[in-house]
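Participant: Protein chains in written order, with our numbering: chain S, 303 to 417; chain W, 13 to 124.
Honestly, I wouldn't trust all of these hints.
Computed list of lysine-lysine pairs in PhoX-like fashion (alpha-carbon distance at most 20 Å, straight line) [said to hold, decoys possible]: (1) 15(W) / 342(S); (2) 354(S) / 342(S); (3) 15(W) / 346(S); (4) 321(S) / 338(S); (5) 64(W) / 81(W); (6) 15(W) / 343(S); (7) 342(S) / 324(S); (8) 321(S) / 369(S); (9) 324(S) / 354(S).
Hints listed in this document are in silico derivations from the structure and should not be mistaken for laboratory results.
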Amino acid sequence: DTAVSQTPKYLVTQMGNDKSIKCEQNLGHDTMYWYKQDSKKFLKIMFSYNNKELIINETVPNRFSPKSPDKAHLNLHINSLELGDSAVYFCASSHPKEGFNSPLHFGNGTRLTVT
Amino acid sequence: DAKTTQPTSMDCAEGRAANLPCNHSTISGNEYVYWYRQIHSQGPQYIIHGLKNNETNEMASLIITEDRKSSTLILPHATLRDTAVYYCIVIPLRTSGSRLTFGEGTQLTVNP
Chain S
303 DTAVSQTPKY
313 LVTQMGNDKS
323 IKCEQNLGHD
333 TMYWYKQDSK
343 KFLKIMFSYN
353 NKELIINETV
363 PNRFSPKSPD
373 KAHLNLHINS
383 LELGDSAVYF
393 CASSHPKEGF
403 NSPLHFGNGT
413 RLTVT
Chain W
13 DAKTTQPTSM
23 DCAEGRAANL
33 PCNHSTISGN
43 EYVYWYRQIH
53 SQGPQYIIHG
63 LKNNETNEMA
73 SLIITEDRKS
83 STLILPHATL
93 RDTAVYYCIV
103 IPLRTSGSRL
113 TFGEGTQLTV
123 NP
């Protein structure tokens with residue numbers, strides 16, 4: 303009964319490759335996110351989708367392309383991987399309510415290592 | 013969004029209360045205080061949030077000073093499983109999606 307699930311948990315690949323990370327939530331939430339946690343442990347938002355529409359794009363390189371086939375899924379595709387893309391990527395979801403920032407529910411992350 | 017300041021690390025004995033402070037002296041009137049934690053190798057987990065009143069739930073209590081410039085997260089009976097990095101975040105009431113910005117947080121180590 304995992305709420306927010308990401309696959310794969312670990313991803314090791316070479317520079318220049320294209321890879322995807324999948325995320326699914328079964329909480330019925332309207333909004334989903336991708337966050338990146340770098341080696342210094344800082345967690346920063348990358349994208350946010352609300353009902354399949356992009357609402358936040360935090361100056362992420364064009365090589366990163368989120369795709370939301372439905373409101374329960376938000377996948378992250380990365381083209382031409384670079385060494386600096388190595389990080390832990392977290393998917394999250396929330397159900398925004400009127401006048402309230404609903405808490406985010408995070409997945410357990412995908413550790414991407416680019417060699 | 014208001015900036016927050018937290019101690020880098022804290023220790024606590026198992027079974028005792030853990031009090032984690034956070035300074036947010038530039039907080040504005042429409043900003044909430046949120047607390048999350050991240051246990052090693054897991055995603056962040058929501059703990060509690062508040063505006064100006066003290067709050068309590070099954071996980072913790074949140075004490076916000078009257079001037080709202082600081083707050084304290086209290087874990088009343090810390091266990092070894094509470095060892096984690098605790099993040100204090102200040103965010104406006106309404107944002108277009110929750111643009112949470114996580115700082116360095118406080119590494120809490122609960123010792124047996």
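Participant: Check the hint pairing residue 15(W) with residue 346(S) against an upper bound of 20 Å on the C-alpha distance.
Facilitator: Holds: residue 15(W) and residue 346(S) sit about 15 Å apart, inside 20 Å.
Participant: Residue 321(S) and residue 369(S): Cα distance at most 20 Å?
Facilitator: holds (13 Å)
Participant: Is the straight-line distance between the alpha-carbon of residue 354(S) and that of residue 342(S) 20 Å or less?
Facilitator: Outside the cut-off at roughly 31 Å; violated.
Participant: Tell me if the straight-line CA distance from residue 15(W) to residue 342(S) falls inside 20 Å.
Facilitator: Holds, at about 18 Å.
Participant: Mind checking the alpha carbons of residue 324(S) and residue 354(S) for me, to see if they're no more than 20 Å apart?
Facilitator: holds (15 Å)
Participant: Hey, residue 15(W) versus residue 343(S), does the alpha-carbon distance stay inside 20 Å?
Facilitator: holds (17 Å)
Participant: Please work out if residue 64(W) and residue 81(W) have their alpha carbons no farther apart than 20 Å.
Facilitator: holds (10 Å)
Participant: Between residue 321(S) and residue 338(S), does the CA-CA distance stay at or below 20 Å?
Facilitator: With a Cα-Cα distance of about 15 Å, the restraint between residue 321(S) and residue 338(S) holds, given a limit of 20 Å.
Participant: Holds or violated: residue 342(S) with residue 324(S), Cα cutoff 20 Å?
Facilitator: Answer violated: residue 342(S) to residue 324(S) is near 24 Å, above 20 Å.
The structure fails hints 2 and 7 (numbered hints given earlier, in ascending order).
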